[in-house]
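S.K.: In case you want the letters, here they are:
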Amino acid sequence: MKLNLHEDYIRSAFFGLQDGLVSTTGVVVGISAGVGDKSIVLLASLVAVTVEASSMAAGQYSSEKAVHQMDKTGRHSDSLVMGALIMFVSYLGAGMIPIVPVIIFGPPLSSYIGVVLAFLGLFIVGYLRGRLTGEKPLRNAIELFIIGGTATTIGLIVGYFLKV
Amino acid sequence: MGRVKNEYLRSSLFGFEDALVSTTGMVVGISFGTTNLKFILLAAFVTIAVEAVSMAAGEFLSDEAVHELDKKTQKDNTLLSAAVMFLSYGIGGLIPVIPVIFLPHTQAIIASILFAFTGLFILGFVKGKIVKVNKIRSAMEMLLIGGIAAFIGIIVGFILKI
Chain A
69 MKLNLHEDYI RSAFFGLQDG LVSTTGVVVG ISAGVGDKSI VLLASLVAVT VEASSMAAGQ
129 YSSEKAVHQM DKTGRHSDSL VMGALIMFVS YLGAGMIPIV PVIIFGPPLS SYIGVVLAFL
189 GLFIVGYLRG RLTGEKPLRN AIELFIIGGT ATTIGLIVGY FLKV
Chain B
8 MGRVKNEYLR SSLFGFEDAL VSTTGMVVGI SFGTTNLKFI LLAAFVTIAV EAVSMAAGEF
68 LSDEAVHELD KKTQKDNTLL SAAVMFLSYG IGGLIPVIPV IFLPHTQAII ASILFAFTGL
128 FILGFVKGKI VKVNKIRSAM EMLLIGGIAA FIGIIVGFIL KI
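If you read the sequences in order, they're chains A and B.
Each residue of the first sequence is one higher than the last, beginning at 69 in the numbering used here.
Each residue of the second sequence is one higher than the last, beginning at 8 in the numbering used here.
Bear in mind the hints are in silico, worked out from the structure with no lab data behind them.
As the structure is a prediction and not an experimental result, all values here were calculated from the model.
For glycine and all other residues, C-beta sits at the position ideal for the given N, C-alpha and C.
Heads up, a few of these hints could be off.
[Said to hold, decoys possible] Residues from chain B that face chain A, not an exhaustive set, calculated with beta carbons under 10 Å:
#, residue
1, T54
2, M62
3, T113
4, L121
5, F124
6, S145
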């Protein structure tokens, strides 16, 4: 499959989707392990996802600009603002997936549902990535599973030790 | 060779900036909703730990995806690039949390923002030096962009105030 999309946009989109799913799930589950109050979990999750989406967009803009500035040949055709925007939307969209169960069900049930939804999302993202890059979709999906699982476990451990 | 340096530069800048901005946004944003120090620290440390892992993984995978797309032989090491991201995020994230541990609530929030903004300024300055552009301009830009992102988190925390 031939792609007209700039590879840096693809990087942004996948980075945003993966990180949005993985880290928001880790944060939601980790904080839920440390505190049972629904409104506090929701506050922390929503702050985390918005802060991260804007921060990732800012990080994408600045680090990509540095790469452009470093490489004086001017071969870079990608728009910095576009890359940042793609990052923001991908992160926010993916990050809301594990938060929706908190709104509807509240902890602790929302943690289980959030993990299932996030892993489903990771599978789809991994599969799509495989399709786009021509690599095995299943291998990609499993890679994302392992990473999502690791980040969530680490969130759980930290949340458990710092239990309020 | 240039490409290799670019990848590590991207990773370390991204990690430091994201950690400074998002941990500050997190700490300050949540501080509007609660004054419970234990809870603020819980949320901050969970976020740093999860994000450092997730960012390193994201860096590894997205870099790998780019490698797979253009089949040329890539000289940069995706694992090293991921490690650079992990360390940058971990260290950068601790900077705005330190004041929260040692200072009372209101002072901690102000100190946290000051620490992060100083960090962003230094980061932008160092970046300007590395890529050989105007250092002050680069520092101000990093401060402005990071500041806006942190501000968004602060606003969300304010709106969601429990």
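S.K.: Is the interface hint satisfied for B:M62? The criterion is a beta-carbon contact with chain A at less than 10 Å.
M.R.: Holds: closest Cβ of chain A sits about 6 Å from B:M62, inside 10 Å.
S.K.: Hey, does the B:T113 contact hint survive, CB to chain A under 10 Å?
M.R.: violated (18 Å)
S.K.: Grab the minimum C-beta distance from B:T54 to chain A and call the hint holds if it beats 10 Å, violated otherwise.
M.R.: For B:T54, the interface hint holds, since the closest Cβ of chain A sits about 5 Å away, which is under 10 Å.
S.K.: Taking 10 Å as the limit, does the beta-carbon of B:L121 come near enough to a beta-carbon in chain A?
M.R.: violated (18 Å)
S.K.: Any CB of chain A closer than 10 Å to the CB of B:F124?
M.R.: Since the shortest Cβ distance to chain A is 13 Å, the answer is violated.
S.K.: Does B:S145 pass the interface hint, meaning its C-beta sits closer than 10 Å to a C-beta of chain A?
M.R.: holds (8 Å)
Checked against the numbered hints above, the structure violates hints 3, 4 and 5; every other hint is satisfied.
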